[in-house]
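Protein sequence lines, in the order shown, are assigned to chains S and H.
Each residue of the first sequence is one higher than the one before, starting from 1 at the first, in the working numbering.
Each residue of the second sequence is one higher than the one before, starting from 302 at the first, in the working numbering.
Please keep in mind that the hints were generated in silico from the structure rather than gathered at the bench.
Hints are not guaranteed to be accurate.
Claimed, not checked - Derived DSS-like pairs: lysine-lysine, alpha-carbon spacing no greater than 30 angstroms straight-line:
{"#": "1", "chain 1": "H", "residue 1": "K460", "chain 2": "S", "residue 2": "K41"}
{"#": "2", "chain 1": "H", "residue 1": "K595", "chain 2": "S", "residue 2": "K111"}
{"#": "3", "chain 1": "H", "residue 1": "K577", "chain 2": "S", "residue 2": "K111"}
{"#": "4", "chain 1": "S", "residue 1": "K159", "chain 2": "H", "residue 2": "K412"}
{"#": "5", "chain 1": "S", "residue 1": "K294", "chain 2": "S", "residue 2": "K276"}
{"#": "6", "chain 1": "S", "residue 1": "K159", "chain 2": "H", "residue 2": "K342"}
What the hints assert, rightly or not - Reference excerpt, derived from the structure (chain S facing chain H, CB under 10 angstroms, subset only):
{"#": "7", "residue": "E31"}
{"#": "8", "residue": "S88"}
{"#": "9", "residue": "L89"}
{"#": "10", "residue": "A118"}
{"#": "11", "residue": "D138"}
{"#": "12", "residue": "A236"}
{"#": "13", "residue": "V289"}
{"#": "14", "residue": "P293"}
All figures in this text were calculated on a predicted structure; none of them were measured in a lab.
C-beta atoms are modelled at their ideal positions from N, C-alpha and C, and glycine is treated no differently.
One-letter residues, chain by chain:
2 protein chains.
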Amino acid sequence: MTLHTGAAEEVPLDGVARIEADLAEFLSSAEASAGPPLLAKAIRYAVFSGGARVRPRLCLAVAQACGCEQPAVVGAAAGAIELLHCASLVHDDLPCFDDADMRRGRASVHKAFGEPLAILAGDALIVLAFQMLARVADAAGARLPALLSIIASAVGPAKGIVGGQAWECEPRVVLSDYHQAKTGALFSAAAMAGAVAAARDPLPWRAVGARLGEAFQVADDIRDAAGEAGEIGKPAGRDAQLGRPSAVTQMGLTQAVARLEELVTGAIEVIPPGPKAGILRMLIEAEVVRLLPKRIARRAA
Amino acid sequence: MTLHTGAAEEVPLDGVARIEADLAEFLSSAEASAGPPLLAKAIRYAVFSGGARVRPRLCLAVAQACGCEQPAVVGAAAGAIELLHCASLVHDDLPCFDDADMRRGRASVHKAFGEPLAILAGDALIVLAFQMLARVADAAGARLPALLSIIASAVGPAKGIVGGQAWECEPRVVLSDYHQAKTGALFSAAAMAGAVAAARDPLPWRAVGARLGEAFQVADDIRDAAGEAGEIGKPAGRDAQLGRPSAVTQMGLTQAVARLEELVTGAIEVIPPGPKAGILRMLIEAEVVRLLPKRIARRAA
Numbered sequence: 001m002t003l004h005t006g007a008a009e010e011v012p013l014d015g016v017a018r019i020e021a022d023l024a025e026f027l028s029s030a031e032a033s034a035g036p037p038l039l040a041k042a043i044r045y046a047v048f049s050g051g052a053r054v055r056p057r058l059c060l061a062v063a064q065a066c067g068c069e070q071p072a073v074v075g076a077a078a079g080a081i082e083l084l085h086c087a088s089l090v091h092d093d094l095p096c097f098d099d100a101d102m103r104r105g106r107a108s109v110h111k112a113f114g115e116p117l118a119i120l121a122g123d124a125l126i127v128l129a130f131q132m133l134a135r136v137a138d139a140a141g142a143r144l145p146a147l148l149s150i151i152a153s154a155v156g157p158a159k160g161i162v163g164g165q166a167w168e169c170e171p172r173v174v175l176s177d178y179h180q181a182k183t184g185a186l187f188s189a190a191a192m193a194g195a196v197a198a199a200r201d202p203l204p205w206r207a208v209g210a211r212l213g214e215a216f217q218v219a220d221d222i223r224d225a226a227g228e229a230g231e232i233g234k235p236a237g238r239d240a241q242l243g244r245p246s247a248v249t250q251m252g253l254t255q256a257v258a259r260l261e262e263l264v265t266g267a268i269e270v271i272p273p274g275p276k277a278g279i280l281r282m283l284i285e286a287e288v289v290r291l292l293p294k295r296i297a298r299r300a301a
Numbered sequence: 302m303t304l305h306t307g308a309a310e311e312v313p314l315d316g317v318a319r320i321e322a323d324l325a326e327f328l329s330s331a332e333a334s335a336g337p338p339l340l341a342k343a344i345r346y347a348v349f350s351g352g353a354r355v356r357p358r359l360c361l362a363v364a365q366a367c368g369c370e371q372p373a374v375v376g377a378a379a380g381a382i383e384l385l386h387c388a389s390l391v392h393d394d395l396p397c398f399d400d401a402d403m404r405r406g407r408a409s410v411h412k413a414f415g416e417p418l419a420i421l422a423g424d425a426l427i428v429l430a431f432q433m434l435a436r437v438a439d440a441a442g443a444r445l446p447a448l449l450s451i452i453a454s455a456v457g458p459a460k461g462i463v464g465g466q467a468w469e470c471e472p473r474v475v476l477s478d479y480h481q482a483k484t485g486a487l488f489s490a491a492a493m494a495g496a497v498a499a500a501r502d503p504l505p506w507r508a509v510g511a512r513l514g515e516a517f518q519v520a521d522d523i524r525d526a527a528g529e530a531g532e533i534g535k536p537a538g539r540d541a542q543l544g545r546p547s548a549v550t551q552m553g554l555t556q557a558v559a560r561l562e563e564l565v566t567g568a569i570e571v572i573p574p575g576p577k578a579g580i581l582r583m584l585i586e587a588e589v590v591r592l593l594p595k596r597i598a599r600r601a602a
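Chain S with its partners taken away, still in its complex shape (with noise of 0.2 angstroms):
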């Protein structure tokens, strides 16, 4: 694979403002019955913080590439997913885990908001992700179960994101489950849930975001090492600092690059066949350029 820096800016937008107007509709939903005004500015506050959409963004492409009809369907279960996912990094970012006073730039919830409202924005936008899910529940017909299943699957206590992080407080770890937990399995759910939003059989793409959500992981890990405060919108050097397992510390910067070519070359192998996979294909290499940090970005390509 080869990576072309600046292809982001030659392939479609991809979806990112149709899921912005997904959340924003969906949350303006949601507070028209007014509930506390507080709680509602953090959980916007959360939800609108120029997060990149990986996750919806591959739902979407996913059934696209699945030739999807019901675009009602796929952007719930896109936008669902991106709550779930916003929800995870404010109780990340609270003192007693991350204790991270910054994200995306700007100060963390709980720094803007308190704690109590942290830990609240967090509780409401999983049941958020829910309720976007249930919006849609007469469309999505029979998909529905399968929709709920892969979703929550994907953030519960085992092998989704609150296991993922849970896994920090066990005395041991295997650094793969931790890893898939905690990212490759909201990847997976994404692009099994575009399958399924396509009426498509899910399994065949649950490797596809397994391997995208490993290499995201690498991805990250190289923005932590070599990228700049300014770039990457959090202070860099975190994980070396709070010993956390980072690829770049275990392999060194070469060898990250090089394993983060080798996913995503894997991802677009198993990508099953079908006539728009070329586009989808196209979507990936540009996401990994734009992960990078930008001097990475233009040694690799």
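Knowing the structure of chain S, use the given hints to seat chain H on it.
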């Protein structure tokens, strides 16, 4: 209404054993895909802590009163409701909220497992609730969307538990909104979910649940003010100590007991007619006696 002391022993178990069995079976199945063991332990600790299962019992009782024929569906709805209730207790006890060291006569989850696992156990319980619902999707069929939406709203950030807790972070609070969101919503959902599981219109049951929720809140205030720590499983007098709104501090103990009786009578009055409405009435009356400190229940009898 007359409160009969000891009535709790005269009526059947009304589902407690079944709820315990359903929850145990579900958690075992969730643990089958091996996740981090300490989190699984914290989740079990939070769920099996001697809770009275008031909400799921209400759900089962309403389903029974409506002639429910699909025990798996109502069992999953009742279990999901209890898991969400447990989640709210775990997070409410955290240092940044109630800072409660004790719950039901033993260490609260964050005291026993630490704050990180308490936050994660709460998150996990929210997700598990929706997984428990997803598991009966086939049996629930067309009832799944309504169950999902009723239960999710009851814990959501507008009119649900998370919203209720977040009112504590606001400078101004309408007390009835606070109580309705923090307690009433899940009682209403329990009653409505019971009706939906029996394929009945849930709407007439909303008021039954709301009045019982308010009654439960008043009973809880009475227990806090007039119970003893050994009896109520947590330190007494916390409401007055923390300056929390309470029916007893507002209207005095005697008036609070009178208000409780009025609410329970009101709930019983709006029970939709049906062949088994009498059993439901008995269960509700027995429940109220069980919830009151013994010396108050004897006086009210």
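To see whether the hints hold, each was checked on the structure:
1. H:K460 - S:K41: holds (16 angstroms)
2. H:K595 - S:K111: violated (46 angstroms)
3. H:K577 - S:K111: Distance ~53 angstroms between K577 of chain H and K111 of chain S Cα, so the pair is violated.
4. S:K159 - H:K412: holds (26 angstroms)
5. S:K294 - S:K276: holds (29 angstroms)
6. S:K159 - H:K342: holds (16 angstroms)
7. E31: Given a least distance of 7 angstroms, the restraint on E31 of chain S holds.
8. S88: This interface hint holds because 8 angstroms falls under the 10 angstroms limit.
9. L89: violated (13 angstroms)
10. A118: holds (9 angstroms)
11. D138: Holds. Min distance 7 angstroms.
12. A236: violated (24 angstroms)
13. V289: violated (33 angstroms)
14. P293: violated (30 angstroms)
Figure legend: structure checked against the earlier numbered hints; hints not met, in rising order: 2, 3, 9, 12, 13 and 14.
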